[in-house]
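Q: Sequence lines, in order, name chains A, B, C and D. According to the UniProt record's numbering, the first sequence is numbered sequentially starting from 1. According to the UniProt record's numbering, the second sequence is numbered sequentially starting from 1. According to the UniProt record's numbering, the third sequence is numbered sequentially starting from 1. According to the UniProt record's numbering, the fourth sequence is numbered sequentially starting from 1.
Any given hint might turn out to be false.
Identical copies go unnamed one by one, so any copy, or any two together, can satisfy a pair.
[To be verified] With a Cα cut of at most 25 Å, we get these calculated DMTMM-like pairs of lysine to aspartate or glutamate:
{"#": "1", "residue 1": "LYS381", "residue 2": "GLU424"}
{"#": "2", "residue 1": "LYS381", "residue 2": "ASP254"}
{"#": "3", "residue 1": "LYS381", "residue 2": "GLU260"}
{"#": "4", "residue 1": "LYS381", "residue 2": "GLU284"}
{"#": "5", "residue 1": "LYS381", "residue 2": "ASP273"}
{"#": "6", "residue 1": "LYS381", "residue 2": "GLU268"}
{"#": "7", "residue 1": "LYS381", "residue 2": "GLU51"}
{"#": "8", "residue 1": "LYS381", "residue 2": "ASP230"}
{"#": "9", "residue 1": "LYS381", "residue 2": "GLU151"}
{"#": "10", "residue 1": "LYS381", "residue 2": "ASP261"}
{"#": "11", "residue 1": "LYS381", "residue 2": "ASP192"}
{"#": "12", "residue 1": "LYS381", "residue 2": "GLU68"}
{"#": "13", "residue 1": "LYS381", "residue 2": "GLU146"}
{"#": "14", "residue 1": "LYS381", "residue 2": "GLU223"}
{"#": "15", "residue 1": "LYS381", "residue 2": "ASP310"}
Since the hints were made in silico from the structure, they are not lab data.
4 protein chains.
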Amino acid sequence: MAAIAARRADSAPSAPLVPRATAFPPPVIGPGAVDRQAWIAAYREVRAETERRAAPLSPEDQQIQSMEDASPTKWHRAHVTWFFEQFLLAEHLPGYTIHDQRLHYLFNSYYVAAGPRQPRTQRGLITRPTCAEVATYRAHVDRAVEALLGEASESALGAILPILEIGLYHEQQHQELLWTDILHAFAQNPLDPVYDPAWRLPRATRAPGAVTLDRQVAGIGHEGAGFSYDNESPRHETLILPVRIDRALVTNRDWLRFMEDGGYARQELWLNDGWYAGQTQNWEAPGYWRREGGGWTQMSLGGLRPVDPDAPVSHVSYYEADAYARWAGRVLPTEFEWEVAARSGDLADADGLVWQWTRSAYLAYPGYRPLPGALGEYNGKFMSNQFVLRGSSVATPAGHARPTYRNFFYPHQRWQFTGLRLAEPLA
Amino acid sequence: MAAIAARRADSAPSAPLVPRATAFPPPVIGPGAVDRQAWIAAYREVRAETERRAAPLSPEDQQIQSMEDASPTKWHRAHVTWFFEQFLLAEHLPGYTIHDQRLHYLFNSYYVAAGPRQPRTQRGLITRPTCAEVATYRAHVDRAVEALLGEASESALGAILPILEIGLYHEQQHQELLWTDILHAFAQNPLDPVYDPAWRLPRATRAPGAVTLDRQVAGIGHEGAGFSYDNESPRHETLILPVRIDRALVTNRDWLRFMEDGGYARQELWLNDGWYAGQTQNWEAPGYWRREGGGWTQMSLGGLRPVDPDAPVSHVSYYEADAYARWAGRVLPTEFEWEVAARSGDLADADGLVWQWTRSAYLAYPGYRPLPGALGEYNGKFMSNQFVLRGSSVATPAGHARPTYRNFFYPHQRWQFTGLRLAEPLA
Amino acid sequence: MAAIAARRADSAPSAPLVPRATAFPPPVIGPGAVDRQAWIAAYREVRAETERRAAPLSPEDQQIQSMEDASPTKWHRAHVTWFFEQFLLAEHLPGYTIHDQRLHYLFNSYYVAAGPRQPRTQRGLITRPTCAEVATYRAHVDRAVEALLGEASESALGAILPILEIGLYHEQQHQELLWTDILHAFAQNPLDPVYDPAWRLPRATRAPGAVTLDRQVAGIGHEGAGFSYDNESPRHETLILPVRIDRALVTNRDWLRFMEDGGYARQELWLNDGWYAGQTQNWEAPGYWRREGGGWTQMSLGGLRPVDPDAPVSHVSYYEADAYARWAGRVLPTEFEWEVAARSGDLADADGLVWQWTRSAYLAYPGYRPLPGALGEYNGKFMSNQFVLRGSSVATPAGHARPTYRNFFYPHQRWQFTGLRLAEPLA
Amino acid sequence: MAAIAARRADSAPSAPLVPRATAFPPPVIGPGAVDRQAWIAAYREVRAETERRAAPLSPEDQQIQSMEDASPTKWHRAHVTWFFEQFLLAEHLPGYTIHDQRLHYLFNSYYVAAGPRQPRTQRGLITRPTCAEVATYRAHVDRAVEALLGEASESALGAILPILEIGLYHEQQHQELLWTDILHAFAQNPLDPVYDPAWRLPRATRAPGAVTLDRQVAGIGHEGAGFSYDNESPRHETLILPVRIDRALVTNRDWLRFMEDGGYARQELWLNDGWYAGQTQNWEAPGYWRREGGGWTQMSLGGLRPVDPDAPVSHVSYYEADAYARWAGRVLPTEFEWEVAARSGDLADADGLVWQWTRSAYLAYPGYRPLPGALGEYNGKFMSNQFVLRGSSVATPAGHARPTYRNFFYPHQRWQFTGLRLAEPLA
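Construct the complete structure from the given sequences, taking the supplied hints into account.
A: Encoded structure:
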């Protein structure tokens with residue numbers, strides 16, 4: 001464990017990227033009196049973190065959508081606000097006045113049951129409301145939410161708190177996207193804008209060795225009190241076969257060896273779809289890497305910097321992670337192996353650096369049931385063509401993730417902080 | 001079991017669609033003397049079946065590629081021949097003269113290790129060699145293969161037979177594609193050409209009830225003697241949770257209820273990617289269905305016919321199968337559940353009607369190793385973005401499939417004979 | 001002529017859309033002493049007009065590129081500034097310090113000879129420099145240009161003034177684009193933003209009758225002193241055949257009759273390419289028209305308004321104009337007929353309302369020579385696939401156009417203020 | 001004139017590519033008795049030429065459509081037959097029985113007024129009717145047309161002959177396309193199929209010097225008796241300015257100098273749209289040229305051959321022709337200049353080698369009126385975005401073209417036998 005401690009000392013910036021959460025997560029929902037002030041504090045902390053992340057960005061920065069998968073900062077700020085207005089205030093605050101009904105069309109993301117919406121690919125075209133008007137919208141909703149929390153009856157809170165809670169986790173997800181999306185936008189600009197000069201991806205822990213799992217029937221998925229998404233349930237048994245999982249993440253130093261060995265040019269290492277994705281997009285290195293002189297730089301939220309060989313490799317797609325593992329004569333762990341190993345506590349950097357691709361397709365757990373109503377669209381309808389990532393990243397807000405948390409992206413996507421660790425089946 | 005017998009009586013055409021195999025599969029490869037005549041007979045039977053399927057088709061019919069996923073009949077006939085020439089004759093028949101080296105570029109499908117090749121989407125542009133010239137090519141290779149089998153030393157056969165064997169299974173896969181591809185081509189023609197007036201999809205067995213599986217650790221994958229593909233190995237344990245799997249396939253009658261209940265228009269029933277696939281392609285019924293007057297017809301190898309409510313639904317994509325299951329409050333079985341249930345013998349129509357979508361993504365079994373060399377590209381490189389189908393279809397040659405056989409297609413594809421059966425997890 | 005006077009009284013807004021130019025155009029370049037103050041005044045007036053047009057727009061508004069043909073307001077402001085820096089200051093002001101060399105990549109439009117540039121379709125991705133930084137850039141260049149004009153020797157001015165002059169006309173062209181581009185951007189926003197509540201397209205003059213041209217050999221193209229673009233030269237003779245050209249523009253009232261007569265659905269009225277353009281883009285009315293209740297509204301710089309039947313039809317493509325003419329049993333005039341008729345003075349609304357499509361393809365005049373150097377790319381390289389428009393529009397800055405002025409757009413484009421007048425060949 | 005005679009002797013193949021017409025064109029339509037046998041002979045000659053051109057092609061060859069602009073041989077054979085059936089027999093032969101009504105959907109090309117039709121891009125998907133069935137269709141229509149010509153009353157012939165005549169010219173146009181389309185198809189095949197080993201593009205005449213045209217008002221367009229298309233009318237006056245037009249065509253030798261001087265890489269030589277067309281399609285030489293060793297070969301109907309420096313350059317687009325002219329400091333002639341010069345008789349190779357691009361956009365002549373009815377779609381609806389070519393090519397059937405003939409293609413197209421001659425305006 002010394003190695004882990006060492007990393008924290010070595011590489012931690014003086015101010016942490018993501019401030020320690022003090023009021024989040026909010027209290028566990030259950031019987032007994034509700035601590036309204038704790039909920040208000042959690043709400044304020046989450047809402048403030050969104051604004052903290054948007055603060056370095058000009059109105060121009062907040063306006064653009066640099067690719068279909070990304071959204072404007074301004075849109076994120078408004079959409080998470082719409083979520084509270086649509087699902088919480090409109091339903092549960094008697095006499096609440098919708099701030100501006102027209103915003104519901106603009107800031108609904110994909111909730112079909114909540115009505116028609118601005119096409120996803122055209123979010124960057126909406127210059128009005130301006131950033132200032134979005135701030136007004138946020139304040140309007142904040143006042144109403146806080147009033148609701150202060151005034152609702154205890155029995156009404158039974159319906160209110162679960163929606164508030166998912167709204168907070170939802171806003172945190174958009175905080176992570178806000179960072180990954182603006183990084184993508186800045187990476188399109190030949191001027192290499194800097195979001196925060198102090199930003200850096202922490203170095204990976206030097207953690208030799210591996211966690212060995214014996215054959216076992218393991219319980220997988222969320223159980224007990226506390227928040228989780230629907231896709232983490234139901235808890236169910238899975239058979240784990242003997243496997244070793246590296247304690248450490250794959251680093252840029254490791255990745256450079258793959259590149260030097262022709263990894264991006266050797267078709268036999270690649271899945272067929274991955275090879276064509278790479279050819280089409282001219283992959284020859286992880287996302288945001290550029291060849292400069294004899295070396296490599298990487299565009300980051302801290303600007304353009306030399307690639308740090310000790311940092312975990314990041315912005316790699318599933319296809320790249322899979323090709324790397326094949327090159328190394330290894331495999332990615334399954335999401336179930338990852339979960340069992342993470343519970344052991346011996347994985348280094350499970351959280352806070354990069355999401356880790358697993359070789360598990362994103363599918364429903366046996367007996368899965370989506371949430372009722374429009375919120376049922378939250379996770380279930382995406383259960384095809386994507387792979388599961390586990391852990392969390394440098395962009396994940398404090399208190400957001402769990403060992404049972406299932407993140408998912410398409411195998412060609414790489415604008416997230418996505419990396420990998422390797423595993424090896426034992427005969 | 002009476003119901004199954006009844007179906008065969010009711011619906012079997014006088015001449016079976018796929019003739020009973022008499023010489024296929026060939027002997028199990030193992031120690032002891034090789035029955036050369038049995039291998040030659042198997043080879044001839046498989047080769048003849050290809051020609052039997054091509055026989056009703058004019059040179060014009062055999063020329064075209066009606067979409068990217070399909071290939072011309074002529075190309076299938078030549079490609080499977082190239083496979084024997086490339087992997088068997090060129091390697092193992094001393095002094096063999098390549099028929100025409102230029103054909104290797106034209107008729108390699110996707111074997112990168114075997115050299116460059118005609119782009120997949122442009123197979124329909126190759127009018128020369130003509131069908132007659134392809135027949136000459138086939139005869140050339142047939143003579144050489146038979147000579148090789150007759151003359152090779154016993155020790156040489158140890159290397160030869162595994163390649164011959166995979167070549168035969170490979171050719172059978174293309175026999176199935178030959179039918180599905182020409183059906184797609186004919187379906188583009190307003191004249192509704194008929195491939196074989198006697199062709200019909202057999203009716204499904206009326207098989208009420210379900211097979212119940214208890215919680216168990218089951219062995220999955222191929223074991224023992226006899227041929228199997230690399231992707232069926234290694235045999236390994238999987239935990240099966242309690243589940244009931246319908247004995248019967250979903251029929252057109254069932255599917256019409258889904259359609260009448262607005263199934264194709266209710267977005268809440270669909271996976272997100274599936275919804276957009278359906279919108280883009282204007283799905284409102286299974287593949288090849290057309291609304292005529294008050295009812296539905298379906299283009300088939302037997303021409304345009306009224307939809308038979310008792311036939312299994314066919315030409316549905318994974319997305320449609322998944323939406324149907326959700327509408328029915330059920331699920332598709334996993335491929336593991338299917339395999340265990342199929343072994344019980346109580347599934348009706350497991351084989352010979354339609355492939356059955358499972359809810360399992362097509363991924364490597366733990367410890368999977370592809371074949372060495374170019375043949376390693378056979379199955380492994382497709383292990384992303386596809387779903388597993390189990391069973392076999394009306395188009396599958398006799399002797400081809402197994403209970404451990406893993407077919408796979410992309411979830412939007414529906415030009416194959418693809419259907420489904422439903423399952424239900426038990427708490 | 002009474003009718004014309006009446007229109008001006010009826011429809012003129014209290015403040016004109018485009019202020020009367022007082023210092024533009026600058027003095028005619030020629031022998032004799034240069035009036036430096038007049039040039040500085042003209043420069044200031046043009047530069048100020050750009051800022052006047054940008055002033056109502058937020059940084060968010062100025063950021064976006066709503067389609068490939070359009071550019072961000074901020075980009076226009078910077079690009080016209082780059083033009084002066086690149087072609088004037090860098091060449092002719094000794095010791096001039098480039099404001100920021102990296103901006104040259106970002107704000108070059110299409111001048112190949114001037115170096116590589118930001119891809120046209122990605123101008124909206126550049127959030128930095130911000131609007132405020134662009135203002136700083138403009139001020140930097142303004143100071144230098146004014147210093148250059150004040151201090152250059154008389155002989156140096158001989159080279160300087162022609163570049164300055166084309167720079168001013170160039171900036172005016174972008175002023176027109178600034179308006180048409182922001183109108184397109186606003187039209188994408190469901191909130192229907194208003195650029196200027198007082199904006200309106202003036203009503204067309206009620207000018208019955210036609211100008212008749214007899215058979216004649218006419219001189220076409222610019223001659224004499226004063227600025228003109230290279231594509232207006234050389235002046236040359238053309239044979240005009242007898243023709244009548246309507247004095248009045250086609251109005252929305254006229255156009256509604258075409259629509260009511262099924263004009264958009266009758267393929268026989270359309271050019272083949274036009275029909276497919278319309279089908280692809282679902283044309284059923286001029287650009288920015290929307291069906292509301294029983295009538296039609298049109299998005300404008302003044303917001304969403306009912307269509308004014310007396311306004312000239314605007315935002316129609318060449319294809320639509322051509323189909324309308326065919327429906328009416330008429331033709332569009334050639335650009336040569338237009339020029340001769342305009343010289344007669346009897347065309348109503350030749351200027352200041354909408355550009356008028358002609359049936360002349362945009363081609364080089366006999367003996368045409370582009371300008372030397374990078375500025376040779378200004379007009380000549382676009383001489384294929386476009387049609388000529390004559391006159392000027394409500395968005396054209398005062399003093400910009402001439403009777404010999406040749407505007408050109410692709411026949412499918414309709415985001416400009418483009419309309420038409422009809423003609424009729426006389427046997 | 002000696003030079004021209006010499007060429008014919010030097011380069012003419014023993015059998016001419018296009019046999020001398022003996023019965024075509026048919027008699028001029030006019031008052032007086034109709035020579036029915038002459039019309040039947042002309043009909044037979046044209047019909048036979050189509051079959052002669054198709055004869056070397058296998059059913060597979062005749063099936064495919066190798067790009068959107070091309071059509072299958074089989075389709076051409078059927079479409080021209082449909083034209084006679086639709087416009088002639090169905091209208092004018094009492095009691096005529098349509099061969100198969102379903103073919104009208106398949107073989108209508110673009111006549112909207114004649115009903116719906118197979119999408120242009122999907123002509124290659126129609127394997128039935130087979131080639132043999134198309135031959136039966138042709139024979140059916142031939143019998144009926146000949147019967148009609150033999151039996152119709154003199155007064156009926158007044159309506160019949162103009163349709164028959166346009167049908168013959170129409171079929172000839174498809175004869176030319178048949179060759180250019182199969183050349184394109186064969187050029188996609190790595191086996192380099194040979195259509196006719198004796199085929200070759202004749203060498204160009206060595207014809208130094210130029211034809212000089214003085215300023216003049218010239219009559220342009222068809223006049224007098226004999227067939228012409230609607231787009232050649234009405235005859236009208238045009239002003240010709242002084243110009244010199246080269247007697248000779250540009251040859252491959254000339255073109256190689258352009259290539260050696262970097263012509264394909266120097267953006268300043270190109271129209272903007274042309275540059276992007278060339279970049280997108282990787283133009284570095286004329287169509288069908290391939291770099292082999294140190295030299296160039298060109299795929300032709302005679303197979304793959306070394307480029308003949310003395311042959312006229314062929315398979316160049318308008319964009320290439322325009323860039324070449326700019327490189328040479330010259331221009332292409334206008335179509336009017338070409339027509340006047342051709343009438344002088346001093347242009348070498350005006351006919352029979354390659355069509356010659358002009359710098360005239362394809363537009364209506366003043367007072368143009370399309371034919372009435374569905375045939376009005378023949379030429380008029382294509383009058384945008386194309387350029388005029390004059391002369392005729394090696395693929396043009398004997399008797400087809402005229403000095404007033406206006407061919408037209410899009411400026412990026414180059415699968416036709418298209419070349420150029422240069423011109424020079426005189427001050």
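Q: Work down the list of hints and note, for each, if the structure agrees.
A: Each hint tested on the structure:
no.	hint	in the structure
1	LYS381 / GLU424	between (32 Å within a copy, 19 Å between copies)
2	LYS381 / ASP254	between (36 Å within a copy, 24 Å between copies)
3	LYS381 / GLU260	between (40 Å within a copy, 23 Å between copies)
4	LYS381 / GLU284	between (33 Å within a copy, 20 Å between copies)
5	LYS381 / ASP273	both (22 Å within a copy, 8 Å between copies)
6	LYS381 / GLU268	between (33 Å within a copy, 8 Å between copies)
7	LYS381 / GLU51	neither (30 Å within a copy, 45 Å between copies)
8	LYS381 / ASP230	within (12 Å within a copy, 32 Å between copies)
9	LYS381 / GLU151	neither (35 Å within a copy, 59 Å between copies)
10	LYS381 / ASP261	between (40 Å within a copy, 20 Å between copies)
11	LYS381 / ASP192	neither (37 Å within a copy, 33 Å between copies)
12	LYS381 / GLU68	within (19 Å within a copy, 28 Å between copies)
13	LYS381 / GLU146	neither (32 Å within a copy, 54 Å between copies)
14	LYS381 / GLU223	within (23 Å within a copy, 37 Å between copies)
15	LYS381 / ASP310	neither (38 Å within a copy, 31 Å between copies)
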